[in-house]
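Chain by chain, the residues run as shown.
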Amino acid sequence: MIEFRIDSTSGMSPYRQLVHQVRQAVLLGVLREGDQLPTVKEVVAKVAINPNTVLKAYRELEFEGLAEGRPGVGTFVTRALADSSFAAHATLRKDLGGWLIKARRAGLDDESIAALFESTVRSRANEGAA
Amino acid sequence: MSAVIEASAVGKRFGRTWALRDTTLTVPAGRIVGLVGSNGAGKTTLLNLAVGLSRPTEGQITVLGSRPGHDVEQLAKVGFLAQDVPLYRDLSIRDHLQLGARLNPRWDAASSHARVARAGLDPTQRAGALSGGQRAQLALAVAIGKRPELLILDEPVASLDPLARRNFLADLTELAADGLSIVLSSHLLADVERVCDHLIVLAAGSVRLAGDVDDLLATHKVLTGARRHPDRLPAEQTVIQHSHTDRQTTLLIHTTQPVLDPSWIVSEVGLEELVLAYMATPPADDTTAAGRPALRRAG
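Protein chains in written order, with the numbering used here: chain A, 1 to 130; chain B, 1 to 299.
Hints listed in this document are in silico derivations from the structure and should not be mistaken for laboratory results. As the structure is a computational prediction, the values presented were derived from the model and not from experiment. The reader is advised that the hints may include incorrect statements.
Claimed, not checked - Listed below are the simulated BS3-like cross-link pairs for lysine-lysine, each with C-alpha atoms no more than 27 Å apart in a straight line: (1) A:K41 <-> B:K221; (2) A:K41 <-> A:K56; (3) A:K46 <-> A:K56; (4) A:K46 <-> B:K221.
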């Protein structure tokens with residue numbers, strides 16, 4: 001069982017925080033296939049958020065195929081996230097490491113690197129949308 | 001989904017002042033509804049109308065299908081916690097629960113006693129000796145004990161310490177998970193963002209914004225880019241708020257379409273930002289039908 005926490009200063013909506021925390025827990029192996037997620041009532045009693053927010057987060061996890069609702073029983077984790085994308089992490093991390101060295105050599109500090117990364121992701125996303 | 005509160009062109013006048021004007025609203029069932037607005041915006045007036053403590057000067061309000069306070073049956077379906085948490089100072093907690101049992105046909109003795117016990121309250125203590133948080137817990141226990149279908153709370157957490165506030169909100173969200181409809185007014189936008197899934201923003205006696213929080217957040221965007229006149233936006237984008245520096249323009253817009261202009265940096269809007277913008281916006285009457293407030297005054 002995992003325990004949720006909601007950070008109201010994170011800028012991320014409570015719904016996204018729940019989805020993110022389950023995904024993270026599955027990635028890290030804290031949650032395994034077959035594990036039950038806390039019931040809506042348990043979550044709201046613990047972190048005081050809207051019950052529909054919890055339902056929505058669980059629906060999203062179901063949509064992603066990460067969890068499954070069993071009527072009258074609860075919501076369960078259906079698979080591990082350590083799939084093909086996880087295998088690619090190591091290579092991508094290495095490439096990124098090489099790129100970071102280049103960026104630092106060019107005189108970029110961490111903040112400029114983050115800004116560059118964000119604006120690149122955004123412009124790529126825009127290209128995709130246009 | 002059915003409505004718990006329906007207001008149609010409701011107005012309330014005190015002497016020569018309209019506290020609420022031309023308010024048309026539908027509050028859906030099964031939600032936690034946040035009612036926000038500045039002091040004097042009309043929140044308490046609206047809630048008092050909804051529970052039947054006052055009557056509208058004009059228009060009509062319907063709560064759970066009938067006129068507020070119309071008959072005993074209607075009264076039994078609505079729980080109300082007023083801003084000043086009214087309790088009988090000289091009566092004990094036990095007396096309050098007994099009073100609740102005598103006055104309410106659907107009284108749930110077991111759960112109200114359990115609620116009081118869970119809050120760590122001593123049943124023999126007088127209400128006058130309780131702390132702010134304990135008073136709120138007792139008042140909530142009484143309001144819930146009558147098993148209402150709709151619970152209305154006016155600034156319920158204003159006087160509570162952070163821990164008592166958290167427990168109180170957790171209680172509310174649990175009740176909502178059981179299907180109770182809740183309307184609460186609050187100045188604490190962080191709380192509203194956390195617990196509410198439907199929002200009503202009042203300003204100067206009228207509704208500026210109302211809807212499901214998810215829809216409201218999905219249909220508003222913040223655009224940042226090089227300085228430009230906001231008049232040259234696509235027709236489906238309505239400017240709610242705009243600010244400019246000598247180089248940069250920042251807009252809060254309402255739109256149901258994706259923003260395609262690549263020269264804008266498009267960001268999501270936070271609930272607090274959204275509420276503050278609408279609280280500061282002049283009423284819709286001051287704008288054109290196309291809804292482009294204050295553009296002509298823009299620099």
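Verification of the hints:
{"no.": "1", "hint": "A:K41 <-> B:K221", "result": "32 Å, violated"}
{"no.": "2", "hint": "A:K41 <-> A:K56", "result": "14 Å, holds"}
{"no.": "3", "hint": "A:K46 <-> A:K56", "result": "17 Å, holds"}
{"no.": "4", "hint": "A:K46 <-> B:K221", "result": "32 Å, violated"}
Hints 1, 4, counting from the list given before, are not met by this structure.
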